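J.: Sequence:
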Amino acid sequence: MAWQKTVQRAVSVIGVGIHGGEQVTLRLRPAPPGTGVAFVRTDLGITIPARAENARDLAYATTLRLRGAEARTVEHLMAATAGTGVTNLFVDLSAAEVPILDGSALPFVEMIRRAGVVDQEATVPELHVRRAVRVGDDERWIELRPAPALTVDYRVRYESAAVRQQRFVGEITPERFASSIAPARTFGFLEEVAALRRRGFGLGGSLDNCIVVDRGRVLSGELRFRDEFVRHKVLDLIGDLALLEFPLRGHVVAHRAGHALHVAAVNELLATPEAWELVEPDRVAPLTVHPYGGGVEPEVLVAG
1 MAWQKTVQRA
11 VSVIGVGIHG
21 GEQVTLRLRP
31 APPGTGVAFV
41 RTDLGITIPA
51 RAENARDLAY
61 ATTLRLRGAE
71 ARTVEHLMAA
81 TAGTGVTNLF
91 VDLSAAEVPI
101 LDGSALPFVE
111 MIRRAGVVDQ
121 EATVPELHVR
131 RAVRVGDDER
141 WIELRPAPAL
151 TVDYRVRYES
161 AAVRQQRFVG
171 EITPERFASS
181 IAPARTFGFL
191 EEVAALRRRG
201 FGLGGSLDNC
211 IVVDRGRVLS
221 GELRFRDEFV
231 RHKVLDLIGD
241 LALLEFPLRG
251 HVVAHRAGHA
261 LHVAAVNELL
271 ATPEAWELVE
281 PDRVAPLTVH
291 PYGGGVEPEV
301 LVAG
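According to my numbering, the residues represented by the sequence shown are 1 to 304, in order.
Keep in mind that a hint or two might mislead.
To be verified - Pairwise CB distance ranges (calculated):
| id | residue 1 | residue 2 | range |
| --- | --- | --- | --- |
| 1 | T173 | E222 | 48 to 58 Å |
| 2 | L44 | R198 | 19 to 29 Å |
| 3 | R164 | E222 | 17 to 27 Å |
Source of the hints: derived by calculation from the structure; they are not laboratory data. Values in this document were obtained by computation on a predicted structure and should not be read as measured data. Think of the CB as a built atom: it goes at the ideal place given N, C-alpha and C, for glycine as much as any other residue.
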């Protein structure tokens with residue numbers, strides 16, 4: 001990931017927001033070096049950079065807010081950009097919420113692959129953790145530690161017999177992300193649905209875009225992984241870590257965490273200058289086009 005990257009051509013999808021329930025058109029398009037990932041509310045004419053300082057309302061999803069405009073439920077798309085190495089991207093939204101699609105990051109990875117990924121004539125430094133930082137309490141916490149690569153140790157525990165305790169441990173490479181993390185879907189518990197909807201959450205949720213658990217049973221069909229629940233938490237973590245704006249080299253240990261703690265850990269790290277360092281990668285000749293895509297093609301529109 002030595003070179004900044006963007007998509008080769010625009011690609012679009014239409015889908016529903018899992019919380020707001022609105023139909024929304026999302027369009028990914030190329031952005032120049034130094035842009036970062038920027039959400040463009042085309043209905044409002046406001047651009048919201050995907051940065052930790054803009055993260056708000058972290059219950060059940062990660063929301064970005066700037067100048068009264070919001071981009072909601074950004075974590076799956078942000079995970080896909082991080083997992084594919086895309087550093088510069090305009091994300092056009094016709095409404096406030098990123099569509100949920102199938103509940104995972106895989107559709108966004110596939111969109112980026114269809115769009116093609118190109119290297120740009122600018123390097124991107126990596127953020128190396130130099131000293132451990134920790135947020136949370138005895139029950140729920142995250143710690144970022146020095147490590148030569150991005151590695152994750154994530155543990156979850158739920159009362160449901162369908163989940164119980166699960167743990168994921170491993171290095172996050174682009175290949176492992178695409179095959180083992182990106183397909184993991186978001187999940188929820190049937191007994192919480194009514195209360196969530198009274199609070200304005202989950203209005204677009206269904207058995208097609210969410211793993212629904214009823215006590216010890218999974219109602220939404222066969223799991224993609226035996227431990228799909230913790231893998232989805234790792235997906236969310238990667239998406240929230242992308243708010244650092246630089247690829248992270250460090251070991252992340254998370255225990256019963258969620259979006260609020262993910263973003264708190266990002267902010268704590270950034271607020272502790274002695275705990276991190278930006279390191280320029282070794283310069284190598286940039287590639288023109290990654291094998292995700294070929295020559296220039298018309299924009300693709302896919303129904304989600």
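J.: Does each hint hold? Answer for all of them.
T.: Structure-based check of each hint:
no., hint, in the structure
1, T173 - E222: 48 to 58 Å, "violated (26 Å)"
2, L44 - R198: 19 to 29 Å, "holds (27 Å)"
3, R164 - E222: 17 to 27 Å, "holds (18 Å)"
Hint 1 from the earlier list is the only one contradicted by this structure; the remaining hints agree with it.
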